[in-house]
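Colleague: Protein chains in written order, with the numbering used here: chain A, 7 to 141; chain B, 12 to 81.
Quick caveat, the hints were computed from the structure, so don't treat them as lab data. Even for Gly, the Cβ is constructed at its ideal location relative to N, Cα and C. Worth double-checking, as some hints may not be accurate.
Said to hold, decoys possible - What follows is a set of in silico ranges between Cβ atoms, one per label pair, in the way DEER data are often shown:
hint, chain 1, residue 1, chain 2, residue 2, range
1, B, Met-13, A, Val-28, 35 to 43 Å
2, A, Pro-24, B, Arg-14, 36 to 44 Å
3, B, Ile-18, A, Arg-71, 32 to 40 Å
4, A, Asn-66, B, His-77, 26 to 34 Å
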Amino acid sequence: MEQPHELTVEAPRVWDRPAVAVPVLVCLSLVGGRFASFSTEANLYTLGTGGALIWLGLSNRVPRRPAPYRLGAGAAWWALPVVVFGVFEGATFVLAAGDDFPTFSRLADPLLEDRLIRSAAWLAWLSAFWGLVRR
Amino acid sequence: MMRTLAIGGFLASLVLFAAVEWAARREGSRIPTLSDVCAYVMRYEVGSVPVGRIGLFGFWWWLGWHFLAR
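The following block holds chain B by itself, in its conformation from the complex (with noise of 0.2 Å):
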């Protein structure tokens, strides 16, 4: 029972990705996009240093290591 809520749970959040995403790039749409709100992240400076950037490379590269190697 709980192991189905927890797959059901996880499913609903991926399928709520792929509905944001398909309603950001209809036509005139006021959403943006995942690759502009990484985009925008990624544009975050402290001085000359782009934190926002560093981060998140750092989060996807953590993210395949934990998959893909751990």
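Only chain A is shown next, with the shape it has when bound in the complex (with noise of 0.2 Å):
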């Protein structure tokens, strides 16, 4: 018999659970992980994901979650943290005293030479980006 629209809910899409977009996101985040800066691995690795997740975004295959129609004064709260890093990055870079005032990927860099923390980091991007592409 078939249910009115009102009482049918659409059930998720495999590749859509938590349980399976977490384990994908986090082996390609250990398979990132082992590829060195400035290697080519890196660099077609990054454009590879990068532009699998846009086309992903850009189509209407995944379903998304609402957007806000307006948001309130309070979103002014955001410039705050904003306009800190934008401070420190530009002086930074505008200085360009290298290590002695250095930019926000002058510090990221030696930290990002250990391959755990490496991963971490791809990890992060990519579940951004997943989270990007959901809204």
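Work from the hints to combine the two standalone chains into their complex.
Modeller: In structure tokens, the structure reads:
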């Protein structure tokens, strides 16, 4: 018997469930963490995974959570961390003082040489990307 | 000295990001979460071109490439 539309709930697709998405993201991150900076593999892997996620995000293949129609005045609070980060990134970039007054990238580079931290960074990047695709 | 200032500044901004997100997730908060802000930005379209979506995806892609491949 056919159910009224209001009473039916669309089941999430298999690959859209956390039980599938999380292990896939972890595996992709572990692979990404093996590639050193400036290597051809790292470039191709970043372009490949990012390109695939952009393709998913611009097509209608992934269900999206609804976006707010307007943001309240409270959204202005987000300017605070953005401005603090921007001021320091801008100052360190413009002064170009190397390790004496390093940019955020320069500080992060030695940390990202560790394979475990690199994989964690990959997981953070891919998870946030997947979150954006679904918004 | 200047190096400590830079590290302190970047750490402060990361703590502020976490603090605002924490405040946004409280019951009845009037601050939108970062996810909601991104979703709002991604709604922006020029004609039928999803400019906000393309821009945010492009920025995030570049960020990953910059830190993980360069």
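Colleague: Next step is simple, just say for each hint if it's right about the structure.
Modeller: For each hint, the structure was consulted:
Between Met-13 (chain B) and Val-28 (chain A), the C-beta spacing of about 41 Å keeps the proposed range 35 to 43 Å intact. With their beta carbons about 41 Å apart, Pro-24 (chain A) and Arg-14 (chain B) fall inside the hinted range of 36 to 44 Å. The beta-carbon spacing between Ile-18 (chain B) and Arg-71 (chain A), approximately 36 Å, falls within the hinted interval of 32 to 40 Å. Checked against the hint of 26 to 34 Å, the pair Asn-66 (chain A) and His-77 (chain B) passes, with Cβ atoms roughly 29 Å apart.
Checked against the numbered hints above, the structure violates none of them.
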